[in-house]
Amino acid sequence: MSIVIPGDHFTLETGTEVVLGPNLQTTGNIANPTTAGYLVQTQTGSSSLAYVEADSKRYMPAAQDFVVGTIVGSFGESYKVSLANFSTPAVLGFYAFPNASKKNRPRLKTGDLVYARVASVDPDLDVELECFDATTGKEGGFGHLEGGFLFEVRLAYARYLLRHQDAPTPYKTPSNV
Amino acid sequence: MSIIVENDPLDQVDGSASFEFGATKVMSSVTGPIEAARPRNELPTKAYLDINIRPSFGVPSTRETLLEHKLGQLLPAVINLDQYPRQTIQIAVQILKNGEPNDYTARQLVAIINSVFIALINSGISLKSSLMATCCSISTEGEIRTSPTSSELASSVSHFVVVYSIEDQQIDNLLFCDGLGTFKQQQLFDVLDRAASEILLNFQQIRQAIASHVSQNYVWKA
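Here the protein sequences come in this chain order: A and B. In this text, residue positions in the first sequence follow the UniProt record's numbering: the first is 1, and each later residue adds one. In this text, residue positions in the second sequence follow the UniProt record's numbering: the first is 1, and each later residue adds one.
Chain B extracted, bound-state conformation:
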């Protein structure tokens, strides 16, 4: 999987990042912690996550709402939301290249999760750990493929999005796993194993991108 990461492409937000792998590209921005725009979004003990996902064309539909919901399930596990009571953290995601048929969301969800993580790092919001997402598919012959292409996805019997947290450069916890299609229990375990080694391998690239951005922000330290 070749990854292209761009750090802070947007000027007016607190943190942003674009993430591209294969035919899929997503740009994310993070603003916050800011004052709650609506009183009902003010949670007394933690920050409210305001997530907005825009498709590459057309207006947001139930598909984007589903992606927002999945992202909203994952993020509270990594953000220290209790450090920002009554505040709002706005996350805006723009999909730039789909890279898969409209019935699928796997590749886009992977790009969204990874770009939002890098944007959160750039915004300085307090995080519990690092994380990375990847996707796998199982072909009709039962072969597991990591980061499947559009045609591989369309011909697969099932596909998965797997997110692991990374601590001390090692795979730590399974944060999120979303599978669609038919598969056996052993196949799911194999997918989780393959995803873990794939993430461990590819996270080096994300780490490198983050590190070079940090040193760029401190040019006078060099």
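With the rest of the complex left out, here is chain A:
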């Protein structure tokens, strides 16, 4: 894999269906990286995938990402969830939980942690989160997180941990915290 920086143009395969991932801009079939990182290009069948794998500290929400957020408040029928300090909070509706109804609503307090999926992202609208599995509509491990510790890691490492089940992790809990 090669390291690219902004301005390093490359040509996308023509005649195939190209799926563009993060950190790329295109004009015609010329792609331009928008930040420095590893250029990844893979071919599966008739479609090809291109993206730039880049590390950063500030999380920018992308649809279908799995995230851990902090409840920072509620308004109307939804919670405000902070995904990164000083970023615009995301919105988690009271009905975005499995089996939620007007009578059976989630009880989360300010400061609670939730594990959620990013449902929709539009730069002109609030980011929306959901706490149920998109295909089954069941819980799927999402929801309120109780006990344990929260660690902040760099985004590249967080993605690496999500994709690699056998990734080396610090599993020993500090005893004198």
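Some hints could be false.
[Claimed, not checked] Taking CB as the label site, the calculated pair distances span:
1. B:R38 x A:D133: 38 to 46 Å
2. B:L96 x A:T136: 54 to 62 Å
3. B:P9 x A:K109: 32 to 40 Å
4. B:T182 x A:N85: 19 to 27 Å
5. B:R38 x A:D126: 43 to 51 Å
6. A:V121 x B:R145: 12 to 20 Å
7. B:T182 x A:V121: 33 to 41 Å
8. B:R40 x A:N85: 19 to 27 Å
9. B:A37 x A:H144: 17 to 25 Å
[Unchecked claim] Straight-line Cα separation of at most 30 Å, DSBU-like style, residue types lysine-lysine; simulated pairs:
10. A:K102 x A:K138
11. B:K97 x A:K80
12. B:K128 x A:K103
13. A:K57 x B:K70
14. A:K80 x A:K57
15. B:K128 x B:K221
16. A:K102 x A:K80
17. B:K70 x A:K102
18. B:K184 x A:K57
19. B:K70 x B:K128
20. A:K109 x A:K57
21. A:K103 x A:K80
22. A:K109 x A:K138
23. B:K184 x B:K70
24. A:K103 x A:K57
25. B:K70 x B:K97
26. A:K102 x A:K57
27. B:K221 x A:K57
[As the list claims (entries may be wrong)] Chain B is faced by these chain A residues, among others (derived, beta-carbon under 8 Å):
28. I3
29. D55
30. S120
31. P123
32. D126
Since the hints were derived computationally from the structure, they do not count as laboratory data. Glycine included, C-beta positions come from ideal geometry on N, C-alpha and C.
Use these hints to put chain B onto chain A, whose structure you have.
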């Protein structure tokens, strides 16, 4: 020009870099995109650039405001500001070593532009192209000198700060040119040519620093 670049020296910001060449050293940090601190800074279609430059000693004066203004003119040409509507991108610059008399800003502006570019790369903010700045001076004999020292600047008849964008490892567009003093049209063209070849030569070092930082962030890939 010997360049020393340090990537991400600061922990609490999204991206930072220090840039040192000769007697001038500058550290820059980038935070963003974040929520606008004041409603009047919320632009409906693009991100607001909040630039702060601190001098190496004393309190910020009109000199720093002038530098902030010049940086603010250059950056919208390289940042995809329209990708972050209603957000703020905070850029804080601290000059560590002046490296030139207080009446001059050329060397510091070069260090500021280069360090902010590397800090922007480290923060992951969407950029249109790469860029690099350099400075030149014209001596009393009409000789062009790249990256002039403090004494060379003081004895020059004019000096310039030139910024080019770099695409496909080639010089692309002239993004910024700031000249002070007396010079002829042909001298300005010569300065632009010299600056272009100087940037092409020195950008390799910046590219190397960025590439080694990227591979450092992905230690498990090695």
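Going through the earlier hints one by one, which of them does the structure break, listed in rising order? 4, 5, 6, 7, 9, 11, 12, 17, 18, 24, 26, 30 and 32
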